[in-house]
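Each chain is listed here by its residues.
Number of protein chains: 2
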Amino acid sequence: MTDTVTGLELRSTISSDAKLTLSLEPVTLSPPGPDELIVRVEAAPINPSDLFLLLGPADLSTLQAGGTAERPTLTADVPQGRLAGLKTRLDQSMAVGNEGAGTVVAAGENVAELLGKRVGMIGGAMFTQYRKIAARDCIPLPDGASAADGASMFVNPLTALAFVETLKIEGHKALVHTAAASNLGQMLNRICIADGIPLVNIVRSEAQAAILREIGAKYIVDSTAEDFREKLTDAIAETGATLAFDAIGGGKLANTILHAMEAAANRTATEYSRYGSSTFKQVYIYGALDLGPTELDRGYGFAWGVSGFLLTPFLIKLGMEGNLRLRARVAAELTTTFASNYTATISLADVLKPDVVAAYAKKATGEKYLIDPAR
Amino acid sequence: MTDTVTGLELRSTISSDAKLTLSLEPVTLSPPGPDELIVRVEAAPINPSDLFLLLGPADLSTLQAGGTAERPTLTADVPQGRLAGLKTRLDQSMAVGNEGAGTVVAAGENVAELLGKRVGMIGGAMFTQYRKIAARDCIPLPDGASAADGASMFVNPLTALAFVETLKIEGHKALVHTAAASNLGQMLNRICIADGIPLVNIVRSEAQAAILREIGAKYIVDSTAEDFREKLTDAIAETGATLAFDAIGGGKLANTILHAMEAAANRTATEYSRYGSSTFKQVYIYGALDLGPTELDRGYGFAWGVSGFLLTPFLIKLGMEGNLRLRARVAAELTTTFASNYTATISLADVLKPDVVAAYAKKATGEKYLIDPAR
Numbered sequence: 595m596t597d598t599v600t601g602l603e604l605r606s607t608i609s610s611d612a613k614l615t616l617s618l619e620p621v622t623l624s625p626p627g628p629d630e631l632i633v634r635v636e637a638a639p640i641n642p643s644d645l646f647l648l649l650g651p652a653d654l655s656t657l658q659a660g661g662t663a664e665r666p667t668l669t670a671d672v673p674q675g676r677l678a679g680l681k682t683r684l685d686q687s688m689a690v691g692n693e694g695a696g697t698v699v700a701a702g703e704n705v706a707e708l709l710g711k712r713v714g715m716i717g718g719a720m721f722t723q724y725r726k727i728a729a730r731d732c733i734p735l736p737d738g739a740s741a742a743d744g745a746s747m748f749v750n751p752l753t754a755l756a757f758v759e760t761l762k763i764e765g766h767k768a769l770v771h772t773a774a775a776s777n778l779g780q781m782l783n784r785i786c787i788a789d790g791i792p793l794v795n796i797v798r799s800e801a802q803a804a805i806l807r808e809i810g811a812k813y814i815v816d817s818t819a820e821d822f823r824e825k826l827t828d829a830i831a832e833t834g835a836t837l838a839f840d841a842i843g844g845g846k847l848a849n850t851i852l853h854a855m856e857a858a859a860n861r862t863a864t865e866y867s868r869y870g871s872s873t874f875k876q877v878y879i880y881g882a883l884d885l886g887p888t889e890l891d892r893g894y895g896f897a898w899g900v901s902g903f904l905l906t907p908f909l910i911k912l913g914m915e916g917n918l919r920l921r922a923r924v925a926a927e928l929t930t931t932f933a934s935n936y937t938a939t940i941s942l943a944d945v946l947k948p949d950v951v952a953a954y955a956k957k958a959t960g961e962k963y964l965i966d967p968a969r
Numbered sequence: 595m596t597d598t599v600t601g602l603e604l605r606s607t608i609s610s611d612a613k614l615t616l617s618l619e620p621v622t623l624s625p626p627g628p629d630e631l632i633v634r635v636e637a638a639p640i641n642p643s644d645l646f647l648l649l650g651p652a653d654l655s656t657l658q659a660g661g662t663a664e665r666p667t668l669t670a671d672v673p674q675g676r677l678a679g680l681k682t683r684l685d686q687s688m689a690v691g692n693e694g695a696g697t698v699v700a701a702g703e704n705v706a707e708l709l710g711k712r713v714g715m716i717g718g719a720m721f722t723q724y725r726k727i728a729a730r731d732c733i734p735l736p737d738g739a740s741a742a743d744g745a746s747m748f749v750n751p752l753t754a755l756a757f758v759e760t761l762k763i764e765g766h767k768a769l770v771h772t773a774a775a776s777n778l779g780q781m782l783n784r785i786c787i788a789d790g791i792p793l794v795n796i797v798r799s800e801a802q803a804a805i806l807r808e809i810g811a812k813y814i815v816d817s818t819a820e821d822f823r824e825k826l827t828d829a830i831a832e833t834g835a836t837l838a839f840d841a842i843g844g845g846k847l848a849n850t851i852l853h854a855m856e857a858a859a860n861r862t863a864t865e866y867s868r869y870g871s872s873t874f875k876q877v878y879i880y881g882a883l884d885l886g887p888t889e890l891d892r893g894y895g896f897a898w899g900v901s902g903f904l905l906t907p908f909l910i911k912l913g914m915e916g917n918l919r920l921r922a923r924v925a926a927e928l929t930t931t932f933a934s935n936y937t938a939t940i941s942l943a944d945v946l947k948p949d950v951v952a953a954y955a956k957k958a959t960g961e962k963y964l965i966d967p968a969r
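If you read the protein sequences in the order shown, they are chains W and P.
When we follow our numbering, the leftmost residue of the first sequence carries the number 595, and every step to the right adds one.
When we follow our numbering, the leftmost residue of the second sequence carries the number 595, and every step to the right adds one.
It is possible that part of the hints are untrue.
[Claimed, not checked] Cβ pair distances, simulated, as ranges:
| id | chain 1 | residue 1 | chain 2 | residue 2 | range |
| --- | --- | --- | --- | --- | --- |
| 1 | W | Glu820 | P | Lys681 | 19 to 27 Å |
| 2 | W | Thr862 | P | Val699 | 36 to 44 Å |
| 3 | W | Leu684 | P | Gly717 | 55 to 63 Å |
| 4 | P | Glu764 | W | Ser872 | 16 to 24 Å |
The hints are simulated quantities; they were obtained by calculation from the structure and are not laboratory data.
Bear in mind the structure is a predicted one, so any value in this text is a computation, not a measurement.
Glycine is no exception: its CB is placed at the ideal position from the N, C-alpha and C atoms.
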C-alpha cells in the first residue's frame, strides 16, 4: 500500500499573546513504515490527563466559537500570569489525545497481519481521524470488542494496576483511593476484589457511594459526612492501609488521610513516641481535581511521604516484563474488570463547542466523554 | 563492683489535667550487668530533637519556677487542644536527653576494659548524673578528647552523614540544606567539602552566611534577600541539586526549593511536557523550626516527593555495616569535621529556670546549650 490518507486532526495552540485556539486541521499521512500502522480512529476518550494539553490554563469563561461548520475553531483568553511554565509550547500547534482505538487501514510489511484488525493505541495525538503509529504501541482487541471497548485500555487500566503494583513493591497491605467512584476507581475496586486487596474508597456523595456498593466495594467513606474522619480511621484501622492514591491534590484531604493512618497506627500503640508512630504512611498525588495548594500540618510524626505519581515513569521503572504482564491482563479482562462507561459520544467538532467544553472540563466523577472522529 | 550509685535525673511529666512539670529526681542505679556500664555524665547537649519530649506542647508564657534550690521544679500549662497525640505519655515521668558523654565509673565483666575511660553515649535519659547503659551504645573517645567534645557525637554527626548517604543511595549528585548555619549544617559543609559533594546552603541572615563562608562553603543563599528565588535557582542549576533536607518544615520553603529545582531542570528543556520536567525532586523534612503547615502548590509537575526524615529508622535500614562505618568516621574526625560549638554550659538545675528555658527553647541557629550534670 503506497497511498497517502488525509483526515482532520484536533490541534491546540497557545500563542505568546496569551490566546488559546482549538482547530481541526487537515493532515496527510504518508504510507506506514515497515513496523507501523495507519489506524482509522473510531473512539478516543477525553481523560482528565488530556485536559491540560487541550485547554491549557485558559479562562473558560472567555470561550468563543468561530470558523465554519466543517472547520470550526474555538478561542479563549489565557490569563497572562498563567503563561509561566508554558514557554516550550507557545505558538506551537499541539496534537492532543492520549489513547484511542480504531481499525487498521494500512500496515507495514513486518506487521501486515494486523491489517483490518481493531486495535487499542497509546501515544498521543489520538483526537484525529487517522493516526500513524508504531505497532508496538497498539494492542489488538479481542474478537467482538468494539472500538469503544478498547478506547480506554491504557491510561485508566494501567494506572489502576500501577497502584496495586506499587502496593506490592513498597510492601503495603491495603490502600486508600480518593475520587473513588471514577471509572478508574471502579476498575481499581474490581482489581482489588479479584486480588484480595482491601481498598478504602473515599467518595464525595451518597450517589457515588451507591455506584461503588453496586460493584461490591466493602469500605466506602463519604468525605462530606460529619463523621468522615472517624469512619476513615475505622476503615484504615480495619484494613491496615498505609498507602493512598489521591486524585484531588489540593486542600487538606491528603493531610486528613495521613492523620487517619497515624491515628489507626496509634490505636495499638502502648509506648509514647515523640516522633509519631513508626508506621510509614505514603500518599501519592496523581491528579489535580483541586488545583489549590496541598496543606500538610505534619501532625503525624516523621514517618510519612507525599509524592507526585505519574504513570509513564512508573511503567519505565517497572520494566518490559512487568509492562507485558499488565497489558496482557488488560486485554484479557477488557470488557469485565476494565470496562469503561461513557456519558456521551461526541464528534471532533463537538470538542470545540463551548457548551460541550463546559461539560467535559467539569471532570465530574463518573462522567466521561468519548470522541468518535468518524462522526 | 557491687555498689549502687545515686544521682539526680531530670524528669518531664505532662498530667492528664494538662500541666507540664519538670523536676530533678534522685535515682539509684543497681550495679551494671555483664555488658553494661555506669557512666558519670559530664556533658549532654540540648538538641532541638530533645525539646519536644522535655517541654511538650506547653505554653512557655506560663512557666513557673517552684521547689527548693537543690530540688527545683518548673511547671507550665499545656493548652487542652494540644493533648491529642500525647495520651501514651500522660502522667508518666519521662527521662530526657538523647546523647551525652562522661566517664565510666563501673563496668560489667565483659566490658571491664572500659572502666575509667571517657565515652560518648546515645540512648535517651542523658540529662542525669549517672547513666546505666549497654556498652554497645557507647563509643570510647580518642585520647585527650573532653566530655564536651564527645557529647554530640551521635545525633548531629550521624544525621549529617545520613544526608550524604541518602544522596548516594537515591542517586542525587548535590544537595540543598536549610537552616544551614546550624551546628549540623556546619558539619554537613565540612563533610561535603571533604567528599566533593556540592551543597547549597540556605540561611536566613548575613551573619549566618558569614559563618558558612568562614568554613569554606561555596553556595550560600539568603532566604531574606530579595533575589532569593533567582539565586537559589542559579545555585541549583549550577550544582544539579535534586535533593533537599529541610529543618524548617512549615511554610513555603520546601515549595520554593521544589520550584527552584524545577526551574533549573527546565532551563535546559527543549520540549514541552505538560506534566512538568521528568527530573525527580525530593525534599526531606527533618525538623520543625516552623510548626505551621507545609504548603505545596505542586507547580512543579508530578516528579517530586516531600517526606519526613528521622535518623533512627534510616540507621536501621542502613544496616550494621553502614552504621559501623559512619561511627568510625565520627570517632576519627571528632574534633575536626564533627566539632560542636556551645553557647553556654549549664547545670541540670539551670534547665528548669524560666529565663534559661526561654533561651534554649528559641532554637536560634548556631546557638546550642550543653548540660554538665556535675555542676
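Quick rundown of the hints versus the structure:
1. W/Glu820 x P/Lys681: 19 to 27 Å: Holds, at about 24 Å.
2. W/Thr862 x P/Val699: 36 to 44 Å: 40 Å, holds
3. W/Leu684 x P/Gly717: 55 to 63 Å: 59 Å, holds
4. P/Glu764 x W/Ser872: 16 to 24 Å: 21 Å, holds
Going down the numbered hints, you'll see the structure goes against none, and every one checks out.
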